[in-house]
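Please put together the full structure from these sequences, using the hints given.
Each protein sequence line maps, in turn, to chains G and U. In terms of the working numbering, the first sequence is residues 859 to 1234. In terms of the working numbering, the second sequence is residues 859 to 1234.
For the record, the hints were derived by calculation from the structure and aren't laboratory data. Each residue gets a CB set at the ideal place from its N, CA and C atoms; glycine is no exception. Do not take every clue at face value.
To be verified - Partial list, computed: chain U residues near chain G (C-beta under 7 Å):
{"#": "1", "residue": "Pro888"}
{"#": "2", "residue": "Ser1216"}
{"#": "3", "residue": "Gln1223"}
As the list claims (entries may be wrong) - No more than 16 Å apart at the CA atoms, straight line, and that leaves these computed lysine to aspartate or glutamate pairs for EDC-like:
{"#": "4", "chain 1": "G", "residue 1": "Lys951", "chain 2": "G", "residue 2": "Asp1021"}
{"#": "5", "chain 1": "U", "residue 1": "Lys900", "chain 2": "G", "residue 2": "Glu882"}
{"#": "6", "chain 1": "U", "residue 1": "Lys1176", "chain 2": "U", "residue 2": "Glu1199"}
{"#": "7", "chain 1": "U", "residue 1": "Lys1040", "chain 2": "G", "residue 2": "Asp1202"}
{"#": "8", "chain 1": "G", "residue 1": "Lys900", "chain 2": "U", "residue 2": "Asp1157"}
{"#": "9", "chain 1": "G", "residue 1": "Lys1040", "chain 2": "G", "residue 2": "Asp1021"}
{"#": "10", "chain 1": "G", "residue 1": "Lys1040", "chain 2": "U", "residue 2": "Asp1202"}
{"#": "11", "chain 1": "U", "residue 1": "Lys1159", "chain 2": "U", "residue 2": "Asp1202"}
{"#": "12", "chain 1": "U", "residue 1": "Lys1159", "chain 2": "U", "residue 2": "Glu1177"}
{"#": "13", "chain 1": "U", "residue 1": "Lys1042", "chain 2": "U", "residue 2": "Asp1021"}
{"#": "14", "chain 1": "U", "residue 1": "Lys951", "chain 2": "U", "residue 2": "Asp1021"}
{"#": "15", "chain 1": "G", "residue 1": "Lys1040", "chain 2": "G", "residue 2": "Glu1199"}
Number of protein chains: 2
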Amino acid sequence: MVKNTLNREIPEPYADQYGVYGGEFANIKPYDEHARHINPVKPDHSKLVASIHDAIVATGLKDGMTISFHHHFREGDYVMNMVLAEIAKMGIKNLSIAPSSIANVHEPLIEHIKNGVVTNITSSGLRDKVGAAISSGIMKNPVVIRSHGGRARAIARGDIHIDVAFLGAPSSDEYGNINGTKGKATCGSLGYAMIDAKYADQVVAITDSLMPYPNTPISIPQTDVDYVVQVDAIGDPTGIAKGATRFTKNPKELKIAEYAAEVITKSAYFKNGFSFQTGTGGSSLAVARFLRQAMLDQDIKASFALGGINNSMVELLKEGLVEKIIDVQDFDHPSAVSLGENADHYEIDANMYASPLSKGAVINQLDIAILSALEI
Amino acid sequence: MVKNTLNREIPEPYADQYGVYGGEFANIKPYDEHARHINPVKPDHSKLVASIHDAIVATGLKDGMTISFHHHFREGDYVMNMVLAEIAKMGIKNLSIAPSSIANVHEPLIEHIKNGVVTNITSSGLRDKVGAAISSGIMKNPVVIRSHGGRARAIARGDIHIDVAFLGAPSSDEYGNINGTKGKATCGSLGYAMIDAKYADQVVAITDSLMPYPNTPISIPQTDVDYVVQVDAIGDPTGIAKGATRFTKNPKELKIAEYAAEVITKSAYFKNGFSFQTGTGGSSLAVARFLRQAMLDQDIKASFALGGINNSMVELLKEGLVEKIIDVQDFDHPSAVSLGENADHYEIDANMYASPLSKGAVINQLDIAILSALEI
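If you want it as structure tokens, here you go:
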């Protein structure tokens, strides 16, 4: 056992592999950014491939590699299941997966773990059935959970080296210009996916809405994409606002939100130009609704809201109570629509959102963050 | 002497240092992207420094390093002269400069070369007095000229390693979120500067319009900026549309433009969904004006115009004759305004514009390019 600076004992194999906590700034040191391996695309080369199978073949994916996915569709995601099913069929084994989160919809992952297709997982979230199955001991290697900002940090520094990112693209042209605000299944911001696209050696865009060239706005540019695949459907947009991102009507959750809003409005931070963020969870997301009345009563406006954006924050933007929304992810459909329509609703990537090893993340400028916790 | 594949003789020292031409695709090979050295910014750290002098001190700039500048202000640029004057005063010598172009306004560079402050130059343009002085033999080392796309390629592959980029920012907040469409001296697209910001180890934003946080839209994000300096003026926006980017009334240039437009409209490429680009030079930029009538007469619309954007192209966008403008640089004030106002006028970086080692540049999708040449 190794003791960290908080006097907690950490088993030696993990201490060796990941280090132990040594204080808030112990690892904030200069470093060389991860360099991706680029296969230049020549003129007249088409990036369009006929199927997910063909895309996997084209990338040369093989046993032991690391692949990634984004979770912007949350409980409505079809992409991870489609890709892993094809990989399993092709007999590729021993993969590490590094999605930005894992939801209940990814239950088929349990079989892929049991069959040895997936043997390592690093993620930011891990919910419900998949989480329970892993807790029951189906994996040999421990799962590495990092915060969203910590995942961006790990990718930027090369601690996570993504060989192939398979990215659901609500809309893309044939050359890989992607956004999340147009197409059949919009998810709004692609903030987590942008990081995978930027640092992965190879990127496969999987879309159900192929647009004429050039597709704009460009959240992920053609210079970050190697292959484009068209499929029937990449996700169910109604799945975004399920589970942890639901619009709560639960009286207990609303009461907690009301109390949290009261703590904020009675604090010294509640003044003109303040900024705030709300995380997932019914109570947490409901806080913005309670802040509104206090802002109107006291004539206070926020300079920006950060998130994890839901419709309550969009309403504050429309009312002029929030000047700008800085958006790494959308939690419901109205927020995704707002991102496409309102120039003051601005998309950023996960590195800018919260990486502690960036040249300064937005969270460093944030006054108030409301996060949900199961236990305190 | 070494012979290249075109049977031209290249002096051996240069052949050794830069290689010789071996065919169109001889150097289009997989490679590891350049990795910048990042100094993470901790919470509560301010990026704001009091002067250009203090910024130079903060970066630790020393003899022999490489610094860069962008040329989006063209003949109206104040930044390169201000920074080099301060560097000269501080006694730093033997610098390599890697601006995206050098204009007549940079005449003071001649003295910096003679005094040994600047001993190496790589650029994409080199005009008038500075060009003439260098041709007369004031430099020991040869100047390396690369195309705009070739410069982006060289930076992305690490052939040009920028230690410090000094970037004129028409508007920036204190944390380095920059755009070129707001502020006292707007230049529109920051396409060339975006590459410097992305790959340089350190980036100094020099602005005369400090905005409240967060400044949007974000052409260069806070995650690419180390220091922010406020000065009285960074440039004269009226200088953008001088010289090579003038709106010509010269009858000879207009005649050439008319002929060029005729070649285009009578070619097989002139059909619905075609795309075109016009480079600098009076004739070249005037071609769009002559294309317009043929497009109206034959009911033909372009899918996109690429550039190097001027007001003639913006007028085509407004008329619906061009669906989108893809913009790496603006050649006049109306184009800069359009970029800020029209969602179909879209900003891209120089890598996406034209790098032959990217995952596919926009020029690969381009039907027609009109370039000016002094001799053919």
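Structure versus earlier hints - violations, ascending order = 8, 9 and 13
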